[in-house]
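A.B. asks: One letter stands for each residue in the lines below.
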Amino acid sequence: MSIRAKLAELGVALPDAPKPLAAYVPAVRVGNLIYSSGQLPLLNGALVSGGKGKVGLSVTKEEAKAAARQCAINALAAMAACVGDVENIERIVKLTVFVASESGFSEQPFVANGASEFFQEVFGENGRHARSAVGVAELPMSASVEVEAIGVAKP
Amino acid sequence: MSIRAKLAELGVALPDAPKPLAAYVPAVRVGNLIYSSGQLPLLNGALVSGGKGKVGLSVTKEEAKAAARQCAINALAAMAACVGDVENIERIVKLTVFVASESGFSEQPFVANGASEFFQEVFGENGRHARSAVGVAELPMSASVEVEAIGVAKP
Amino acid sequence: MSIRAKLAELGVALPDAPKPLAAYVPAVRVGNLIYSSGQLPLLNGALVSGGKGKVGLSVTKEEAKAAARQCAINALAAMAACVGDVENIERIVKLTVFVASESGFSEQPFVANGASEFFQEVFGENGRHARSAVGVAELPMSASVEVEAIGVAKP
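From first to last, the protein sequence lines are chains A, G and F.
Just so we're aligned, residue 1 is where the first sequence starts under my numbering, counting upward by one.
Just so we're aligned, residue 1 is where the second sequence starts under my numbering, counting upward by one.
Just so we're aligned, residue 1 is where the third sequence starts under my numbering, counting upward by one.
It should be emphasised that the hints constitute simulated quantities derived from the structure, not laboratory data.
Every value quoted in this text rests on a predicted model; they were computed, and no experiment measured them.
Some clues are possibly wrong.
The list makes no distinction among identical chains, and a pair is therefore deemed to hold if it is satisfied within one copy or across any two copies.
Unchecked claim - Subject to a maximum C-alpha distance of 25 Å in a straight line, what follows is the list of computed SDA-like cross-link-like pairs (lysine to any residue): (1) K19 - F110; (2) K154 - L33; (3) K154 - N126; (4) K19 - S106; (5) K61 - E107; (6) K61 - S106; (7) K154 - L14; (8) K19 - A153; (9) K19 - E125; (10) K6 - E87; (11) K19 - E107; (12) K154 - A5; (13) K154 - S2.
Just need the whole structure built from these sequences, with the hints factored in.
C.D. replies: Dropping the structure here:
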């Protein structure tokens, strides 16, 4: 099944390619590696519900997990735009998931699974990746989660 | 000297390969690069002494340095399982060390040396790597330290 | 224009190559990728003004942006030493910017632009990179910002 068909089956519409920003870009390819920028849980320009605040206080872990999925969707869109088409992405090799964490919240892996499971749903065996999940003090726009991805382009 | 002999000399027993987890895996190879997942200071399924809590408060920097070494052992085990044998790892190129830090604790490099020195002991010149060490708010399982590594496989 | 000429035009003097440290090194090359270690806003061995403290409290975002530029200069010096000459660096592909953030400070992208804009000024189109910017609890030496870079060497 194509990646596009899989996304359609999951009911996921990839957003338009994020616009290139002043001094950095949404994703860069070097050789076959594709580095995405850190992605926030933005949808149509605004943070999704549960996408803002510190997890364990104003945001529940379930809400943050859903926000992490949105970050992953945006990371996929950034990588797809970089290589011209989502079908040109062969696999996902590494995620780093930063979770804005209230003191005492230590379930970053639960939150990060929102991103990891998305990539596995879309890419199957090729979506299985290495991952780090850590709890940080603050994120841009007071987001609850930020995800960066490294993918591999088809040769 | 083989890596295995060097580990024996150091009295380090590599743990069994970590089990593949639901949506991500302990390490992934792409080309000759091996990306490990972030590793916690686990030994036989439990955090080691000094492996839990914030450094500078409930955990001393010396304890955290020892915990960082355990993280590095686990990262090596993950990379070894990924490429079939620890002897198939040629060198270590990059570490990122996340230290759960009490406010005002700024000796993350001291802690990170626990991981860096381990890799240099095992790989010698090939163990010299680039590194970032940062102090984060919280880590999974309330661990005191988390280490991710990038290695290079023999061709 | 050469990189060296561009640096001169910007009035930037690359510092001497950082000395190799005990257990890790300022930068490592593998294939054409160059990984820098995390760099602090050091100038002549001391943190620059605005290079120490938490952003949003003792350090303003404008000061931290200037500090991030100094981190980027140091990262460029580290990569240049690794490949023998700054002219051997072809492009910059990825930055990770860690900002020591007071609770409630969420303008990490503003701070990170200090590093991103430097690389774009020096490398032009080849300086456009992917980037993550996150707010962390503490950094080594109580620095306000730390920047790590991945570059590409000329073949």
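A.B. asks: If a hint holds in the structure, say so; if it doesn't, say that too.
C.D. replies: Results for each hint:
1. For the homomeric pair K19 and F110, the shortest alpha-carbon distance between copies (17 Å) is at most 25 Å, but the shortest distance inside one copy (30 Å) is not.
2. Taking the closest pair of Cα atoms, K154 and L33 come within 25 Å of each other both inside a single copy (10 Å) and across two copies (17 Å).
3. Taking the closest pair of Cα atoms, K154 and N126 come within 25 Å of each other both inside a single copy (12 Å) and across two copies (23 Å).
4. In this assembly of identical chains, K19 and S106 lie within 25 Å of each other by CA distance solely across copies; the values are 21 Å between and 34 Å within a copy.
5. Taking CA atoms no more than 25 Å apart as the test, K61 paired with E107 passes in both settings, with 8 Å inside one copy and 24 Å between copies.
6. With identical chains, the CA atoms of K61 and S106 are at most 25 Å apart both within one copy (10 Å) and between copies (20 Å).
7. Taking the closest pair of Cα atoms, K154 and L14 come within 25 Å of each other only inside a single copy of the chain (19 Å); across copies the shortest separation is 35 Å, beyond that limit.
8. For the homomeric pair K19 and A153, the shortest alpha-carbon distance inside one copy (21 Å) is at most 25 Å, but the shortest distance between copies (27 Å) is not.
9. Only between protomers do K19 and E125 lie at most 25 Å apart by alpha-carbon distance; the minimum there is 16 Å, versus 30 Å within a single protomer.
10. In the homo-oligomer, the alpha carbons of K6 and E87 lie at most 25 Å apart inside one protomer (11 Å), although the nearest pairing across protomers, at 39 Å, exceeds that limit.
11. Proximity of K19 and E107 under a CA criterion of 25 Å is satisfied inter-copy only: 19 Å between copies versus 33 Å inside one chain copy.
12. For the identical chains of this complex, K154 and A5 are intra-copy neighbours only, at 18 Å inside a copy versus 37 Å across copies, given an alpha-carbon limit of 25 Å.
13. Taking CA atoms no more than 25 Å apart as the test, K154 paired with S2 passes inside one copy only; the shortest distance there is 13 Å, against 33 Å between copies.
Checked against the numbered hints above, the structure violates none of them.
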